[in-house]
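Peer 1: For the sequence shown, the working numbering assigns the number 467 to the initial residue and increments by one for each residue that follows.
Derived from the structure by calculation, the hints contain no laboratory data.
Just so we're clear, the structure is a prediction, and the values are computed from it rather than from any experiment.
Errors might be hidden in some of the hints.
Derived lysine to aspartate or glutamate pairs resembling EDC-like cross-links, with alpha carbons at most 16 Å apart [to be verified]:
no.	residue 1	residue 2
1	LYS802	GLU859
2	LYS802	ASP818
3	LYS863	ASP818
4	LYS470	GLU633
5	LYS616	GLU680
6	LYS863	ASP780
7	LYS616	GLU633
8	LYS616	ASP851
9	LYS616	GLU526
Simulated restraints, written as ranges between beta carbons of each label pair [stated by the list, open to error]:
no.	residue 1	residue 2	range
10	SER722	ALA636	39 to 47 Å
11	SER849	GLY695	22 to 30 Å
12	ARG713	PRO692	17 to 25 Å
13	GLU861	GLY528	19 to 27 Å
14	SER650	ARG826	20 to 28 Å
15	GLY839	ASP649	33 to 41 Å
16	ARG775	PRO716	14 to 22 Å
Glycine included, every Cβ here is placed at the ideal spot set by N, Cα and C.
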Amino acid sequence: MRPKYPADVTAAFLELEGQSQLTAHRLALTPRDAHGAPALSADVLTQLIETMFFASMATEEGRLNPVGLVFAGAPADLESDGPAWDLVRFGSTVQFDVEHVANLASACAWPRSFLAVVPSEGSLVIAGIATPHSRHVFDIDQLVRVVVPKPGVVAVYRGEWEIVRYERGALRTWMPKHRPQLDSIERTVCGDQARPLIRNVRSYLLRVVEGMVELGRGGLLAILGPGEGLPQLFGEEGNPFDTEVKRLDPALCLGSAILDIAEARPVQLAIDPRLTPGKAPASPGETRDPERARTSPDRVHRLLDLIVRLTTVDGAVVMSHALDVLAFGAKLPPAKAIISEIFAATPDQRMDASWCLDARGTRHRAAAAFVAGYPERIAFIVSQDGLAATFQEIEGKVVYWPL
């Protein structure tokens, strides 16, 4: 097989964008078409990718700096009511090329901020530095991001989701996010709530994983199957694997906090009708507690930050299928039977590549044991080197699935 090149990332990205499953997921999460992604041609995307690829290997004052960009149709797209970005504009735009990207990389503090790249008179320019934030909890960002986390590596995102990555002459394509375990968790958390914007629970899990990566301490998030709790995990009290567990009483209810946001949506529309362009504010009789509408997003963000911190304690953070945090610092019990082999999901989404667990640490072994024999469980793991993945049992196989 011939080696891949950075330009091949464009074809892979556009192919995956056209797949019905990804397109359906993307459109279902777009609250306002007016703030969707700008048109992005293959030529422009290739220019973004190749420039960032070579900039990843360019030094500035002897240093290599990771950097990312966000592509918008115009600076105003980053300053509108949605998506939620803070843009620090430059007084005059800067040419988008390797030299200027390398020069500005240290000012971006990637992954928290990005160079804002826009088209201008037939070329691409850097208009400023943009930082995403959560102005409104239902803002779903669809803008394309291109990031170079280390020299020779380039990844393309649609909003928060990585679609394709180039490294060492190979492509790692987008891994499905519509996994049965995640769908089941969303159904458990959301109950009868059926609106697509509400059923976006997996994005909150992604934010926890991103927080773990950014913190750089590694961690393990173990989510039990439906109807399971700590007794099903550890058995009778006094079990030696249960002695060091830090139980939470009452549990930390992330799932219900997310649902509170969904229930507060009508109140948010009444407080700020700009969230739904063209619709009049709700009448006073249709609103509920406005204070709850304001505090629910803040509460969720505080819970997410706390959960990230709990993962730094030696052991696993254990969550129910409804995303209640039951315990942290948990030493997970071994697998019921010997795990004969672990498989890794490959870029073409096959699961037949053997993955060696012996060379990994206790965290990886615990995650594999947690899901072995339990196909409805899922474990999110982050290594200290920043690699994130899930462990799942799929079709009778224990699968390591990079994120």
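Peer 1: Tell me if the straight-line CA distance from LYS802 to ASP818 falls inside 16 Å.
Peer 2: Roughly 23 Å between the alpha carbons, so the hint for LYS802 and ASP818 is violated.
Peer 1: Keeping to a limit of 16 Å between CA atoms, is the pair of LYS616 and GLU680 held or broken?
Peer 2: 14 Å, holds
Peer 1: For a C-alpha distance cap of 16 Å, please report whether LYS616 and ASP851 respect it.
Peer 2: Holds, at about 12 Å.
Peer 1: Does the Cβ pair SER849, GLY695 satisfy 22 to 30 Å?
Peer 2: 28 Å, holds
Peer 1: The hint says 14 to 22 Å between ARG775 and PRO716; measuring C-beta to C-beta, is that right?
Peer 2: 19 Å, holds
Peer 1: Given the hint of 39 to 47 Å, is the C-beta distance from SER722 to ALA636 inside that range or not?
Peer 2: Holds: the Cβ-Cβ distance is about 42 Å, inside 39 to 47 Å.
Peer 1: With respect to the beta-carbon atoms only, verify the hint that SER650 and ARG826 lie 20 to 28 Å apart.
Peer 2: 27 Å, holds
Peer 1: Keeping to a limit of 16 Å between CA atoms, is the pair of LYS863 and ASP780 held or broken?
Peer 2: 27 Å, violated
Peer 1: Between LYS802 and GLU859, is the straight-line Cα distance small enough, at 16 Å or below?
Peer 2: Given pair LYS802, GLU859 holds - Cα atoms ~14 Å apart, limit 16 Å.
Peer 1: For LYS863 and ASP818, compute the direct alpha-carbon distance and say whether it is at most 16 Å.
Peer 2: This hinted pair holds, its Cα atoms lying about 9 Å apart.
Peer 1: May I ask you to test the hint 19 to 27 Å on the CB atoms belonging to GLU861 and GLY528?
Peer 2: For GLU861 and GLY528 the Cβ distance comes to about 50 Å; the hint is violated.
Peer 1: Decide if the proposed pair is consistent with the structure: LYS470 and GLU633, CA atoms, cutoff 16 Å inclusive.
Peer 2: Between LYS470 and GLU633 the Cα gap is close to 9 Å, so the pair holds against 16 Å.
When each numbered hint is compared with the structure, violations occur for hints 2, 6, 13, 15.
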